[in-house]
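The residues making up each chain are set out below.
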Amino acid sequence: EDKVVQSPLSLVVHEGDTVTLNCSYEVTNFRSLLWYKQEKKAPTFLFMLTSSGIEKKSGRLSSILDKKELFSILNITATQTGDSAIYLCAGRNTDKLIFGTGTRLQVFP
Amino acid sequence: NAGVTQTPKFRVLKTGQSMTLLCAQDMNHEYMYWYRQDPGMGLRLIHYSVGEGTTAKGEVPDGYNVSRLKKQNFLLGLESAAPSQTSVYFCASRFQGDEAFFGQGTRLTVV
Numbered sequence: 001e002d003k004v005v006q007s008p009l010s011l012v013v014h015e016g017d018t019v020t021l022n023c024s025y026e027v028t029n030f031r032s033l034l035w036y037k038q039e040k041k042a043p044t045f046l047f048m049l050t051s052s053g054i055e056k057k058s059g060r061l062s063s064i065l066d067k068k069e070l071f072s073i074l075n076i077t078a079t080q081t082g083d084s085a086i087y088l089c090a091g092r093n094t095d096k097l098i099f100g101t102g103t104r105l106q107v108f109p
Numbered sequence: 110n111a112g113v114t115q116t117p118k119f120r121v122l123k124t125g126q127s128m129t130l131l132c133a134q135d136m137n138h139e140y141m142y143w144y145r146q147d148p149g150m151g152l153r154l155i156h157y158s159v160g161e162g163t164t165a166k167g168e169v170p171d172g173y174n175v176s177r178l179k180k181q182n183f184l185l186g187l188e189s190a191a192p193s194q195t196s197v198y199f200c201a202s203r204f205q206g207d208e209a210f211f212g213q214g215t216r217l218t219v220v
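First to last, the protein sequences are chains Y and S. In this text, residue positions in the first sequence follow the working numbering: the first is 1, and each later residue adds one. In this text, residue positions in the second sequence follow the working numbering: the first is 110, and each later residue adds one.
Don't take every hint at face value.
Over 12 Å on every C-beta distance to chain S, these chain Y residues come out as not near it, computed from the model [stated by the list, open to error]:
1) L11
2) G16
3) T20
4) S52
5) R60
6) E69
In silico lysine-lysine, BS3-like type, Cα no more than 30 Å apart, as pairs [unchecked claim]:
7) K123(S) to K40(Y)
8) K3(Y) to K40(Y)
9) K37(Y) to K68(Y)
10) K118(S) to K40(Y)
11) K41(Y) to K166(S)
What the hints contain is simulated information worked out from the structure, not anything from laboratory work. Yeah, the Cβ is synthetic: ideal placement off N, Cα and C, and Gly gets one too.
Assemble the whole structure, with the sequences as input and the hints as a guide.
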């Protein structure tokens with residue numbers, strides 16, 4: 001059975017801290033790993049990773065995939081209150097997109 | 110270009126009633142998905158479709174049916190609603206190999 005596990009489930013930090021969110025996966029015929037940010041409503045796309053060891057970066061956010069160990073991390077540096085959200089990762093095979101339970105990040109001033 | 114549109118946005122049902130949620134996308138995407146989101150549970154896949162006329166079961170299909178008669182629409186049906194189906198439902202669509210785009214969600218309460 002396909003499975004995606006995220007840790008921690010919840011994280012509380014102060015502005016300026018750096019956080020690392022973890023995602024491990026077991027997905028048959030794996031194709032890519034996706035990260036989404038969910039604030040109040042629909043998840044919005046952050047990154048898609050298909051190759052091991054290649055970091056994707058967007059501003060203060062970055063992510064990397066390890067296909068040998070079947071995991072990915074999402075790093076957020078110099079956190080801001082606007083980073084408060086649920087961060088979801090998903091493993092994709094040819095047809096399905098399987099999500100983890102998400103990590104709820106709260107950033108306090 | 111509206112993207113992915115879900116109808117309705119909110120609904121309250123009585124136990125045993127039926128309803129259909131509509132997902133419409135105008136991006137000519139092949140793949141479409143229905144998820145439910147409950148507190149602490151992330152997004153759980155209900156059913157999905159890889160193209161017009163096709164449907165397949167996801168992780169939690171029981172109590173739901175779907176149809177994809179037109180490429181742009183993916184319907185989710187509840188034949189006899191139960192309180193356990195109280196949730197927020199999200200539809201998503203994508204091209205092969207690309208990221209998925211989500212609708213704004215439907216909040217369903219079954220009393």
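Hints versus structure:
| no. | hint | verdict |
| --- | --- | --- |
| 1 | L11 | holds (14 Å) |
| 2 | G16 | holds (28 Å) |
| 3 | T20 | holds (19 Å) |
| 4 | S52 | holds (18 Å) |
| 5 | R60 | holds (20 Å) |
| 6 | E69 | holds (21 Å) |
| 7 | K123(S) to K40(Y) | holds (26 Å) |
| 8 | K3(Y) to K40(Y) | holds (25 Å) |
| 9 | K37(Y) to K68(Y) | holds (25 Å) |
| 10 | K118(S) to K40(Y) | holds (14 Å) |
| 11 | K41(Y) to K166(S) | holds (25 Å) |
In terms of the numbered hints stated before, the structure departs from none.
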